[in-house]
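Protein chains in written order, with my numbering: chain A, 553 to 1096; chain B, 65 to 393; chain C, 4 to 132.
FYI, nobody ran anything at the bench for these hints, they're computed from the structure.
None of the values given here were measured: they were computed from a predicted structure.
The C-beta atom is built at its ideal place from N, Cα and C for all residues, glycine as well.
Treat the hints with care, since some could be wrong.
Stretches of chain B that chain A covers, calculated by requiring three or more beta carbons in the stretch to come under 8 Å of a beta carbon on chain A [to be verified]:
hint: 1; stretch: 285-297
hint: 2; stretch: 314-323
hint: 3; stretch: 350-360
Here are the simulated lysine-lysine pairs, DSS-like style, with alpha carbons at most 30 Å apart [unchecked claim]:
hint: 4; chain 1: A; residue 1: 712; chain 2: A; residue 2: 628
hint: 5; chain 1: B; residue 1: 384; chain 2: A; residue 2: 879
hint: 6; chain 1: B; residue 1: 384; chain 2: A; residue 2: 576
hint: 7; chain 1: A; residue 1: 712; chain 2: B; residue 2: 260
hint: 8; chain 1: B; residue 1: 139; chain 2: A; residue 2: 576
hint: 9; chain 1: A; residue 1: 943; chain 2: B; residue 2: 179
hint: 10; chain 1: A; residue 1: 712; chain 2: A; residue 2: 805
hint: 11; chain 1: B; residue 1: 118; chain 2: A; residue 2: 628
hint: 12; chain 1: A; residue 1: 698; chain 2: B; residue 2: 118
hint: 13; chain 1: A; residue 1: 601; chain 2: B; residue 2: 384
hint: 14; chain 1: A; residue 1: 576; chain 2: B; residue 2: 260
hint: 15; chain 1: B; residue 1: 118; chain 2: A; residue 2: 695
hint: 16; chain 1: A; residue 1: 641; chain 2: B; residue 2: 368
hint: 17; chain 1: B; residue 1: 139; chain 2: A; residue 2: 945
hint: 18; chain 1: A; residue 1: 699; chain 2: B; residue 2: 260
Derived DEER-like restraints, expressed as beta-carbon distance ranges [what the hints assert, rightly or not]:
hint: 19; chain 1: B; residue 1: 137; chain 2: A; residue 2: 622; range: 57 to 65 Å
hint: 20; chain 1: A; residue 1: 696; chain 2: B; residue 2: 88; range: 26 to 34 Å
hint: 21; chain 1: B; residue 1: 76; chain 2: C; residue 2: 69; range: 43 to 51 Å
hint: 22; chain 1: A; residue 1: 692; chain 2: B; residue 2: 78; range: 57 to 65 Å
hint: 23; chain 1: B; residue 1: 76; chain 2: A; residue 2: 692; range: 30 to 38 Å
hint: 24; chain 1: C; residue 1: 126; chain 2: B; residue 2: 215; range: 48 to 56 Å
hint: 25; chain 1: A; residue 1: 617; chain 2: B; residue 2: 82; range: 56 to 64 Å
hint: 26; chain 1: C; residue 1: 118; chain 2: A; residue 2: 705; range: 53 to 61 Å
hint: 27; chain 1: C; residue 1: 53; chain 2: B; residue 2: 308; range: 20 to 28 Å
hint: 28; chain 1: C; residue 1: 16; chain 2: A; residue 2: 564; range: 31 to 39 Å
hint: 29; chain 1: B; residue 1: 251; chain 2: A; residue 2: 633; range: 37 to 45 Å
hint: 30; chain 1: C; residue 1: 45; chain 2: B; residue 2: 157; range: 42 to 50 Å
Each chain, written out:
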Amino acid sequence: MVKMLEAEELAKDITETPSLLNGKGPDREWMDTPAEFRDGNWAYSAKTKAIESLKMPYARDWSPGDEDWKLPENWKEIISEGFRERLDKFRSFKVFMDICVRCGACADKCHFFLGSGDPKNMPVLRAELLRSVYRNDFTLAGKLLKKFAGARPLTMEVVKEWFLYFFQCTECRRCSVYCPYGIDTAEITMMARELLNLVGININWIMDPAANCNRTGNHLGIEPHTFKTVVESLCEDIEDVTGITINPSFNRKGAEILFITPSGDVFADPGVYTMMGYIMLFEHIGLDYTLSTYASEGGNFGLFNSNELMKKLNAKMYHEAERLGVKWILGGECGHMWRVINQYMDTMNGPTPSYMEDPVSPITGTKFENAVSTKMVHIMEFTADLIKHNKLKLDKSRNDHVRATFHDSCNPSRAMGMLDEPRYVLNNVLNNFFEMPDNTIREQTFCCGAGSGLNTEEIMDVRMRGALPRATALNHVVEKHDVNMLSCVCAIDRATLLALTQYWAPDVEVSGVTELVANALIMEGENEVRDCDLREEPYLGVED
Amino acid sequence: MKIINPLIIVLVLVALAYFGVKAGLTALFGVVIPYIAIVIFLLGFIYKVIGWAKSPVPFRIPTTCGQEKSLPWIKQNKLDNPSSTLGVVIRMALEIFLFRSLFRNTKAEVYEGAKLKYGSNKWLWLGGIVFHWSFLIILVRHSRLFLEPIPGFITFLEKADSFMQVGVPLFYMTDAGILAAVTYLFLRRVVEPQIKYLSMPADYFPLYLILSIAITGVLMRYFIRVDVVNIKALARGLVTFQPTIPDGIGVLFYIHLFLVSVLAIYFPFSKLMHLGGVFLSPTRNLANNNRAVRHINPWNPDIKIRTYEEYEDEFREHMKKVGLPVDKE
Amino acid sequence: MYDAGKIITGLVIFVGIVTYPIWGSLGGSVNMPEPVVNKSGTCVESAEYMRANHMQILDEWRDSVVRDNDRVYTSQQYGTKFDKSLSTTGKTSCTSCHSNKEEFCDACHDYTAVAPYCWECHIEPKEEI
């Protein structure tokens, strides 16, 4: 475990250490500055077991902290060939390699830059790490004019630099919002990670969950029987709070709807309260649904490794939908899961199994026109529709002890545009809702600082720096409105924001939106006196 | 170094044209190089764009900058998150003609205690838009020197650009615009620490080049005047493929023309290709309708997945023990 | 997805716009304008100088006459003196020799899309009938 500075010390360090953040640029040009590996800024390499189980190349024992990374002898050719292949496969990559004018609009948009002042965390320079090699190997100007045209050869130092900085980007796409050409650093980071993966450079926090997901159906590696037992224990907790007994079904053929959510909701605090929320909500409306132990993961860490692995892990959703014969799929609260579903799933693994049907809410009759091809609907779209049609019995005052703000997660906002649905839901289930400042929400939202497979302990320094912009905005509403709950629709957020609040804003708790919905639900047959929320915190006005 | 070297190169180019013309190479600088330049510009441009076009767009990945189209009663932001072709066309038009994304620009500042504040910052947008529009209008205006008779829209543009009726010959607003904007775009790369740090020689070079072109142009019009009738004769010669070199054209004109030729040759090999690339950016030119209309990836790979059967084979006994249904007993 | 059709259409339009001066000149005249001077002799300065700088001289004349009542111009090249006059107010004026606006002034101005505002105040010279 790496030693962390106290929050005030880190804040002081960020503010006072001379950097591009406070107007004092380094003397050395970035191309002449080698990447610096220090405790807290690099993630552990993938274990051989994970790589082998996914049948990926060059499984070996190595550490990014070592001098020798034990790459295959022809690593240069492999990367160069991989580079060419990806230029030919992705127009985005090719165009983004060519057209950046380095206007610098993106420079101060990255949360990692704002928390570190490290020049290579400016999105433009992060991309230049790759572009410089692209120019050298693939463009006439680069070949002729070399450094004048911004070209440099691929060396081991460059590879190490790639590792450091492409695993210091959360693919949040905030920079892409401001870029006059829409250059998306997420695309560039994805390509860089694929290239590194070709020569066996990957991190454990991504590969281990991916390998687990492949084998057991979920990132945490929970086997089917345990999955069932854990969900059932959550149902017991629901019974404790509400007095209602719920028995959700698993792997049930013939259910109308398959519900898939990130496994973090099933196993990790505070995600479990959101999971309890889903179960209560579905019980309340009498939904004909089932959970799957095989497709027990909404998230997809393949997205953070390569398009092939993403496809492999995602394929389980339609495969299971077909086996169970469901009409459509309902998806839980998760960020990158929805990037995959909204922008990749249908293309990769569609067309959908033929007898799946256009998604129609069995409760309200609303047809989700925006999901007729993918046949997968977001829980927030589903719930907002329920509330609009008065299908939920809600008592907002049950959430009066909650003073909430909403953290737009990167992917639902910038790869989907789901901004108003969760707000509509929140405003209908609680009385005290406050927005963070304009430049930090909706499409301009800041990352939690640890998305895209970076929510691992050993890079806590990087993470807490990256978390700073979100934390600053949060503390603004804490001071102004006494906000005590940071709600979100992302399972990674529910894990990473917890670390963020504990470090930067200790009095704030983190919740999913559906948890707050369930708190406000007046369930049929519930205890005559329902005096506490899902966390067994007493409702306001109830004596302890 | 990275700031000075490109300037030296441009000055060398100016000297090259100056001494070349003084040495009597007017045909080289007035006819041969311009012809070469336009051919390289066009072929290079086409080659580059075709190169981009040969790579497919495997996934539909718009950056959504506003509310999606979902439930009918939730207001969609059709400009920033379009779901239809018309919406995309409008989004692209706003991007290309008005630099909409850049208009969002903010400036982050860090205060004591690592507090961050974001202020509106539209200067880059303003500088960019003045520069690009001035450049475009100046280019179009120049066709008065190539066409005979001159089409009405060019005469109109002339009048519009000089409607303030200052000085003789009438002063063009775009001349001031381009000089001011290029100067601003240059200064920010020298003064602002972040921008200075990320800039490369290839960022300064085109700025110097364009500034030199604008300066020589302005000099010819307002200060060291040249005989525009003869210049038009030369230009007409070029476009009608009957090249002539009239006497009495000042050397300043040849410097101007040479720098423009260099810019045209440099264009397809440089970042200036953002002119073509902005149209092909998949984060802007696609509709966010992935869940409604399937996007096809021509190289969609065949991936072997772990099937349910394999999964059940591994976990069957465990599953049966807790009462999970299984396909095979 | 390639969108080849859209991209090629775009390229054709682009090349069309860039080469407009070439195809726009097809069938157009290649003749240079030949401004007609109605009287022989020398102008205030050499013809070559006047071709490039007449507008500046006229501009200076206007200002000095109107503001300073300075009505005499001394030729820099010849040393001779001339009335600073565009049209017929003085004994001699520009229009004394260049008496046909259409054949002289407009010949080049139209050729280069220049629209001076001289005649918004001054009366256009009319050929004596």
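Hints violated by the structure (listed by number, smallest first): Hints 1, 2, 6, 8, 9, 10, 22, 23, 24, 28 and 30 contradicted; others consistent.
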